Amino acid sequence: MDEMEQTVLAYVAKEYLEEDDDRELTVDTPLISGGIVDSFSMVSLKRFLEKKYQIQIPDADASAEAFDTVTSICTVVRRFRPN
Amino acid sequence: MAFSQAARDWYHRELAGIRDAGLFKEERFIHSLQDADIEVEFPSGAKPASVINLCANNYLGLSSHPEVIAAAHEGLRHRGYGMSSVRFICGTQDIHRELERKLTAFLGTEDTLLFPSCMDANAGVFEAVLNEQDVMIADRLVHASIVDGMRLCKAMQDTYKHADMGHLEEKLVEHQDKRFRLIITDGVFSMDGDLAPLDEIVALAEKHNAMVFVDDSHASGYIGKTGRGTHEHFGVLGRIDIITTTLGKALGGASGGCVSGRAELVEMCRQRARPYLFSNTVAPVIVSGALKVLELISASTERRDKLEANTVYWRKLLTDAGFDIKKGSSSIVPVMLYNAKLAQDVARDLFAEGIYVVGFFFPVVAKGQARIRTQLSAAHEKHHLDRAIAAFIKVGTKYDILGKNKAEIIAKYGT
Numbered sequence: 001m002d003e004m005e006q007t008v009l010a011y012v013a014k015e016y017l018e019e020d021d022d023r024e025l026t027v028d029t030p031l032i033s034g035g036i037v038d039s040f041s042m043v044s045l046k047r048f049l050e051k052k053y054q055i056q057i058p059d060a061d062a063s064a065e066a067f068d069t070v071t072s073i074c075t076v077v078r079r080f081r082p083n
Numbered sequence: 001m002a003f004s005q006a007a008r009d010w011y012h013r014e015l016a017g018i019r020d021a022g023l024f025k026e027e028r029f030i031h032s033l034q035d036a037d038i039e040v041e042f043p044s045g046a047k048p049a050s051v052i053n054l055c056a057n058n059y060l061g062l063s064s065h066p067e068v069i070a071a072a073h074e075g076l077r078h079r080g081y082g083m084s085s086v087r088f089i090c091g092t093q094d095i096h097r098e099l100e101r102k103l104t105a106f107l108g109t110e111d112t113l114l115f116p117s118c119m120d121a122n123a124g125v126f127e128a129v130l131n132e133q134d135v136m137i138a139d140r141l142v143h144a145s146i147v148d149g150m151r152l153c154k155a156m157q158d159t160y161k162h163a164d165m166g167h168l169e170e171k172l173v174e175h176q177d178k179r180f181r182l183i184i185t186d187g188v189f190s191m192d193g194d195l196a197p198l199d200e201i202v203a204l205a206e207k208h209n210a211m212v213f214v215d216d217s218h219a220s221g222y223i224g225k226t227g228r229g230t231h232e233h234f235g236v237l238g239r240i241d242i243i244t245t246t247l248g249k250a251l252g253g254a255s256g257g258c259v260s261g262r263a264e265l266v267e268m269c270r271q272r273a274r275p276y277l278f279s280n281t282v283a284p285v286i287v288s289g290a291l292k293v294l295e296l297i298s299a300s301t302e303r304r305d306k307l308e309a310n311t312v313y314w315r316k317l318l319t320d321a322g323f324d325i326k327k328g329s330s331s332i333v334p335v336m337l338y339n340a341k342l343a344q345d346v347a348r349d350l351f352a353e354g355i356y357v358v359g360f361f362f363p364v365v366a367k368g369q370a371r372i373r374t375q376l377s378a379a380h381e382k383h384h385l386d387r388a389i390a391a392f393i394k395v396g397t398k399y400d401i402l403g404k405n406k407a408e409i410i411a412k413y414g415t
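These protein sequences, in sequence, are chains A and B. Sequential numbering of the first sequence, starting at 1, is according to this note's numbering. Sequential numbering of the second sequence, starting at 1, is according to this note's numbering.
One chain only, chain A, in its complex shape:
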């Protein structure tokens, strides 16, 4: 797991898991289809990524599929990150 994956995973756990939620998150845990993050609360994740990595993610690229796992989220971030 690289640094970006660790950062995103830590944010997702803090932002979306309840204190008594004992589910273990990995970079491949389905977040949206798995019912951990819903489309309503996904906006804070997108904003976190944009602020943290100084990028703009178009809404079309922040789809439920693209944001379903930490791995896929990091793929999106890298795509919009300046080289």
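Treat the hints with care, as some may be off.
What the hints assert, rightly or not - Dumping the calculated DMTMM-like pairs for lysine to aspartate or glutamate here, alpha-carbon to alpha-carbon at most 20 Å: (1) B:K367 / A:D28; (2) B:K406 / A:D22; (3) B:K367 / A:D68; (4) B:K367 / A:E5.
It is worth saying that the hints were derived from the structure and are not from the lab. It should be emphasised that the depicted structure is a prediction, and the values quoted were computed from it without experimental measurement.
Since chain A is already given, all that's left is putting chain B on it; use the hints.
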């Protein structure tokens, strides 16, 4: 033909997908007045069965109250059936103004505006009072109509974990750069029946300079000592900036809703809220019935007191029988089953025993949180609840869930 065979085929496949996922909703036809005892045709075409209704939002039992019906008749006679106009052309009668004034007094606010439904109130209110300079910070379990309303508004959206005051405070601090912050919550959450901690929410709002919005649809009429709502229960009357609520539940159960709160915010809705501007308001017959409802519940707390007693009794019956219920004090009492199929099977078997309840499961509630939501009414008598618990025990025994906790039910049935 515009509706081509290809289009028809696509919709057939989509509907089949909904059926296959177990999410297909079917109406049940009631052949009687809405009440504690009803006649229900289900499935469609079946002979109507006499059942006890444990799933209506008829908290105060006023849906078919003789005085409400009589007042509605009078309203029909004196103010007619329809308005054939939106409010600001020629669709406002004196009784609309009277109802808005009475709701303002009842809710302890500054002004009130009627909407065709609370769904419409929630769809219109945010866009009318906020813009892109502002942020809306909502509890993650707010009602779907609030989510829709927020999506129509240009203000930034954010959410906090359900009833988590620490998380809410983090968000309030994070968004101090915004012009206005609006905290958004239900008063009573419709699926869990728990109450938003409005005393803590108001304290945080005052500390961090935010406004507070509460949808009190499942509370107005019975929560609080005199039934004014969740704000009365938590001692924050007059400190909620926007309340939306419905006439479609405890307050007579017909239809209609309102935005009530700070005079300036309500006036902004009168000027800008699209569901108010572009549709007819509540029909005169319903306004007349609602006025009688407010008269009845302002004169006496007898009905909400009976509902409270029924709720305490029902919660005790379920707990003593060994059911796993959501703790709380509202008249929404969820019986937790965790597994979607189990929830549907138990609801079906209870119907066969003469008890009308409905199973709820994903996506209406979170995955692994399937349940039967029971709802109490002041129309229930002790004998209704005694008959209901006998049926619950019979069906609970069949599925071997009595005395089982969450882990044990999940071990047996999965999620």
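Hints, one by one, checked against the model:
With a C-alpha separation of about 18 Å, the suggested pair B:K367 and A:D28 falls inside the 20 Å cut-off, and the hint holds. Between the alpha carbons of B:K406 and A:D22 the distance comes to roughly 14 Å, so the proposed pair stays at or under 20 Å and holds. Distance check on the hinted pair: B:K367 and A:D68 sit about 16 Å apart at the alpha-carbon level, within 20 Å; holds. A C-alpha spacing of about 25 Å is found between B:K367 and A:E5, which places the hinted pair above 20 Å, so the restraint is violated.
The structure shown violates just one earlier hint, number 4.
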